[in-house]
Structure formats: C-alpha cells, structure tokens
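S.K.: Generate coordinates for the entire structure from the input sequences, incorporating the hints supplied.
If you're matching them up, the sequences are chains U and H in order. Residue numbers for the first sequence follow our numbering, so the first one is 5 and each next one is one higher. Residue numbers for the second sequence follow our numbering, so the first one is 137 and each next one is one higher.
Worth flagging that the hints you see were computed from the coordinates, not collected in a lab. Only a predicted model underlies this, so the values are computations on that prediction, with no experimental measurement involved. Just so you know, even glycine gets a beta-carbon here, dropped at the ideal spot from N, CA and C. Hints are not guaranteed to be accurate.
EDC-like mimics (lysine to aspartate or glutamate), calculated; alpha carbons at most 20 Å apart, straight line [said to hold, decoys possible]: (1) U:Lys214 - H:Asp246; (2) H:Lys284 - U:Asp22; (3) U:Lys214 - H:Glu259; (4) U:Lys204 - H:Glu270; (5) H:Lys256 - H:Glu270; (6) U:Lys214 - H:Glu270; (7) U:Lys204 - H:Asp233; (8) U:Lys214 - H:Glu306.
Below, a sample of chain U positions facing chain H; criterion: calculated Cβ distance under 10 Å [claimed, not checked]: (9) Lys204; (10) Tyr206; (11) Gln208; (12) Ala210; (13) Leu213; (14) His224; (15) Ile225; (16) Leu230; (17) Leu234.
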Amino acid sequence: MTVNPSSPSLFARTRQSDLWYSFTRQRSAVFAAVLLAVLIISAFTAPLYAPQNPFDPAQLELWNAEIPPIWLEGGQWPYLLGTDTQGRDILSAILYGSRISILIGIASVVFALLIGIGSGLAAGYYGGFVENALMRVGDILLSIPTILIAILVSAIVRELLPPALRDVGAAGVLVLAIVLSGWVQYARTVRAQTAVERRKEYVQAAQLLKVPARRIMFSHILPNTLTPILVAATLNFGMAILTEATLSFLGIGMPPSQPSLGTLIRLGNQFLFSGMWWIVLFPVLQLCLLVVSVNLLGDWLRDALNPKLR
Amino acid sequence: MTIPALTVTHLSRLFNVSAPWLNRVIERKPKAYLRAVDDISFSVPSGGCLSLVGESGCGKSTVARLVTGLYTPTNGQMQFANGKNGKPLAAQMIFQDPYASLNPRWRVFDIIAEPLRELKLRETDAEITERVGELLTTVGLAPRDGRKFPHEFSGGQRQRISIARALATEPEFLVCDEPTSALDVSVQAQILNLMRRLQDEMGLTYLFISHDMSVVRHMSDQIAVMYLGRIVEQAATEVLFANPKHPYTQLLLETIPNVTDPKRDREVQSGEVPSPMKPPSGCTFHPRCPQADARCAAERPEMQAYSDGSRVACHRVAETMAALAVPLVGERRLSA
Ligand SMILES: Nc1ncnc2c1ncn2[C@@H]1O[C@H](COP(=O)(O)OP(=O)(O)O)[C@@H](O)[C@H]1O
Ligand code: SF4
Ligand SMILES: [Mg+2]
Chain U
5 MTVNPSSPSL FARTRQSDLW YSFTRQRSAV FAAVLLAVLI ISAFTAPLYA
55 PQNPFDPAQL ELWNAEIPPI WLEGGQWPYL LGTDTQGRDI LSAILYGSRI
105 SILIGIASVV FALLIGIGSG LAAGYYGGFV ENALMRVGDI LLSIPTILIA
155 ILVSAIVREL LPPALRDVGA AGVLVLAIVL SGWVQYARTV RAQTAVERRK
205 EYVQAAQLLK VPARRIMFSH ILPNTLTPIL VAATLNFGMA ILTEATLSFL
255 GIGMPPSQPS LGTLIRLGNQ FLFSGMWWIV LFPVLQLCLL VVSVNLLGDW
305 LRDALNPKLR
Chain H
137 MTIPALTVTH LSRLFNVSAP WLNRVIERKP KAYLRAVDDI SFSVPSGGCL
187 SLVGESGCGK STVARLVTGL YTPTNGQMQF ANGKNGKPLA AQMIFQDPYA
237 SLNPRWRVFD IIAEPLRELK LRETDAEITE RVGELLTTVG LAPRDGRKFP
287 HEFSGGQRQR ISIARALATE PEFLVCDEPT SALDVSVQAQ ILNLMRRLQD
337 EMGLTYLFIS HDMSVVRHMS DQIAVMYLGR IVEQAATEVL FANPKHPYTQ
387 LLLETIPNVT DPKRDREVQS GEVPSPMKPP SGCTFHPRCP QADARCAAER
437 PEMQAYSDGS RVACHRVAET MAALAVPLVG ERRLSA
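M.R.: Next comes the structure, spelled out in structure tokens:
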C-alpha cells in the first residue's frame, strides 16, 4: 500500500489520533508506559553501568557475599541492593534477569502471534475442514493448563536435547511451551473476526479483481482484526513473563547459570528464613512492577479501543 | 435486435444450509438445501439495462453474485458476449451497503488504485495518481478526497467511491445490487442520475437490481420480476408498467408509494413471504395470490410468451390471454 504523497506524516497522525488523546488523559496509562519504558531500557542497557556481570563466575568474589542493601548496617558500595551467598550483586542480577524475562516474553508473544494470526486467517477465510481441524486442535490445547503443557514440553525436549545443549536450549523450550498454549487465543479471535470480515462486500470487491487469497487475508482482512489482537498481545506479554517466572521458579525454566526473574526468586527463596530477605524480595518486586505496568497498559488499551466505552 | 451482452439459461443455485454434521447425527436431521435461484433465464441487451425486482430474500443478490462469478452456479449457463478487446466481458459490481463495501482501513486513493494495480492498467505511480484523480472527478468528488478514509464520507459519497472503483477496471458490464437502497431519497436520485450519465457516456451495460419499482422505472429497458428464486414476469419497462399481467407484479406496482395520495391503502402486500426452504406447492405465489384456485396449488405454471413481448408464468394469465400467446422460442425464450 503506498500512501498518497500529500498525506500527513505518521507522527502528525499519531498526535491527532483519538488513541493519543485518550492516552494523555489517562494518568495510569501514562504512568504504566513510563514505568515500563524505564524497566525495559534499564534492563537492556545494564551492561553499560551494572557493577558486575552476574553471569560471569570470574567476576564473583566470595568475600563480597551476603552483603545487605546499602541503607542497612554492613551495606557496601556499589552493591545497592546487597549481594547473595555467592557474592552476586542483586541489582545486576535483577537487571540481567529482567532482560531474559522480557526477551522470553517478547519472543513467545511474537511467535504465538505469527502462528495464531496465520492459522486464524486461514481458518476464518477458508472455513470448512481447515477451520474445524485448526479449532479442534486449539480446543484440546486450551483444555490443558499452560503449566502442564510447559512441564510436558520441557520434560520431552530435555530428554531429546544432548546434555551440552540443555542450558542453552532452556530459553527455547520455555518459549515453545508458552507459545503452544498462547497462539490459540489469537487464532480464535482472528478466526471469528475473519469469518465476519470475509463476508463483507469489500472482500468480495477484491475477489472480483482476482486478488490472490493470501493478499486479501493480509492486506484487506488482517488490518480489520488487529484491534482486539493488540490488546490480547499486550496482556499476554504480562502473562508470558509470569508463566516463565512460574516455570523457572518450579525449576523447569531458566537454569541458575542464566537466571531469569523466576530463577532468582527460586534461588533467593531458600535464604528467606536465614534473614537474607533482600535476595528474594527485590526480584519479586521487579517482577510485580513489570507485570503490573504491562497489565495497566493493556487494560487502558482495551478500554480505549472499545468503541462501546467511548 | 443486437446480440445480448449476457445470456443466462436455466440458472439455479442451491445453498447447503444443513446443521453441522454432529448436530445432524444427534438430532437425526437430513441435509437441508435452500434453492435461492431456481431455473431462471434472461438476457441483458448490450448497452441496455435489465432490472431484477422483487422483495428482499427472493434471490436477487444471489443472481448478482452468480453473474459476477463470486458464486458458482449449481446448474445452468451464463454466456457473455465478447467485449471491445475481443475477450468475453467480465462483470464488475456495485454493492448495496456503502459501509461494508469499502475497506475501513484503506484510504480512498488506495481503494480506487487497487484495480489499476491488480489488473496492471497503469504502470507508474504518477499514472496511477492521475487516473485515480480522474476517476474521482468523474463521479463528482475531488482528487484530494483520495487522502481520506471511507468513514469521512456520507453514504452517497461512499457509493460514488464504489462506482469509481468499479469504473477503474474499465468495465463494459456492471452489476448494480441495490446501489441506492441504503441511501436517502434525495441522494438516491443523484446516484441514479450519475449512473445513467455514465451509461450514456461509456456505453455501459447494466444488470440492475432493486426492490423498488419506482427506482427501476427510471433505469431500465427491461424488467424481470422475481419471486422466491424464479422469474414470474419479464417485459419491456413501458409494457410492464402499462399492463402488468402477473398478480405479483400488480401487487408490487400497487404498493409503490403514491405522491398524490400517500394515504392509499398499502396493506395489499398482505401475507408473509414464504421461506425459500419450504416453498409452497404449485405456483409458489398461490398463498398470497387473490386469483389463486385449486390448480395453482397443484401445478407449477410454465413461462409463456405473449405478443406484446412479455413473458409471464401464471395459469390465470395463460387462460385469459390465450389468444395472444406466442411460442416461447429463440430470442423470446430469453428476453421477449
Ligand atoms: N451464502 C448463503 N448461504 C445460505 N443461504 C443464502 C446465502 N446467500 C443467500 N442465501 C439465502 O438465499 C435467499 C436469497 O437471498 P438473496 O439473494 O440475498 O436475496 P435478495 O438479494 O433478493 O434479498 C435468502 O433466503 C437467503 O437467506
Ligand atoms: S398461477 Fe395462480 S397463484 Fe400463481 S400467480 Fe397465477 S393465479 Fe396466482
Ligand atoms: Mg440483496
């Protein structure tokens, strides 16, 4: 689609759009967006300023272990949030761990979107057998709890992977497990909307021009199904981060050598009753902030894009 | 008489309206079919306008979609004459709903440019821009309207955009499925005038569809009246309005709103239109027909041609006008 040369720029259109207006009116949305931006940017720029690389055993010194946060007695610069039993800086671990959590969240949402949109479009557009087959597979997957699917997938994949690759493949296994149950929701939403859109006359007009089915689906129908997908994807990003954390907490996610927030919480949990509460509390707080800001943004988006609530 | 642009013979279309397989098995229901178009024949004169009229649900849109190739016929043939380029004509369509017929996420420019790009009618972006501007001007809009989205236009303007999109394909044959029924009366006239002007200027052939007799009167050379998937009467416009023969045609004409006497009884249109799933026996119109008798309920009336060029399927007409009947052969079989 080329746009007429004289049309206003994307920036100008964004500034004028209803969505932007509603965004600036909604304090919680602005707050969530700023918070999320800070969390993401700090996680990805961490190597630039973090006191240490917590994944690099060579940088860990045992005599720096068990230091409490800086405002407590015994606190020590530069370990703002203290260190764990191996001398790992908690702040650095949280920042690096958030990076892994966010990457897994993004990857699982992106892959689930690709599969969900593709199969939903095909099912809704062609109907019949394609639709029935895809939707029944989806029904079956949805009837099994995500956690159970993830446990099954990771157990199977771990058996199949050679031991050397197990740690490396852990992230891939997590993404696969989350995608496997995540795509169904997108597929259902897109299928339902596509089944409505494909009967509309603008689609018939394109069919009359013998526009190939693939192009009708992607350039005509898809843009008309994106609104609910955008909302679902945002909320699912938060869900994916939580699912990842749960799995890692249960010990079937990221290994301690590459800890995500969930792994950090699992490791820190052991020291909760020995008084070193900071090892577990700060990763938990970070996880909460991340998920809450994503959900606030998703809630706002859902309301802002719902014409019935305007 | 010139060769017709389109000749349709014994065209039928069934829709499978069965419940899903599992429900059918559980409830022991058979498969169900709906006969939306039932053995109809007509022809559209080249450069002229044939209108299909009838109440909602009688199968008009299905005919339109069959003719344009959006649906495949269950039975029967459609024969297009060759166009200016020597190839058989391809029908383009103007749709009923000005809201659903334009993609809400596309700019008007891209909507009208799509046929140009798809059919490779223009090469460069500059040529496309020029042609889109030209088309917008032709239908009474401005080239800069191309920048806007469909929701920024009124129903009448949207219908103009639809027409511009259809014209972009350089069509010779247009199927217009109730193009004005969703519009205000004042706007209706403007769109109809535009369509007539385009027909004169470009020599277009129209298959025009409407449920409104007064709209059809101003557009058509020939009118075919449909009832429950069948054509019950076809005649030249003047003949049909001067001397409607089929009781259903008479009923349609009686219910045209009358400007001079708006209080006239419009209740004539008594009775429900029966479901096309279970059409009545014999003449499908008999439950509503004031002239029905026992034969009408038992025996389906055949199409019969008359000397004034009309074709009617009615036992009563066949009896009272037997002297004027002519054989239903050749040209007459299709178009009178
Ligand atoms: N795709 C379809 N599937 C099943 N039934 C259909 C379909 N399209 C039309 N019908 C049925 O066929 C009949 C004729 O419909 P239609 O051609 O739209 O009538 P009209 O345009 O005259 O109002 C109606 O009873 C309608 O319910
Ligand atoms: S055939 Fe009989 S029922 Fe049918 S229109 Fe004629 S008179 Fe009426
Ligand atoms: Mg219709």
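S.K.: Output the indices of the hints that this structure fails to meet, ascending.
M.R.: Violated hints (numbers, rising): 4, 6, 17; every other hint is consistent with the structure.
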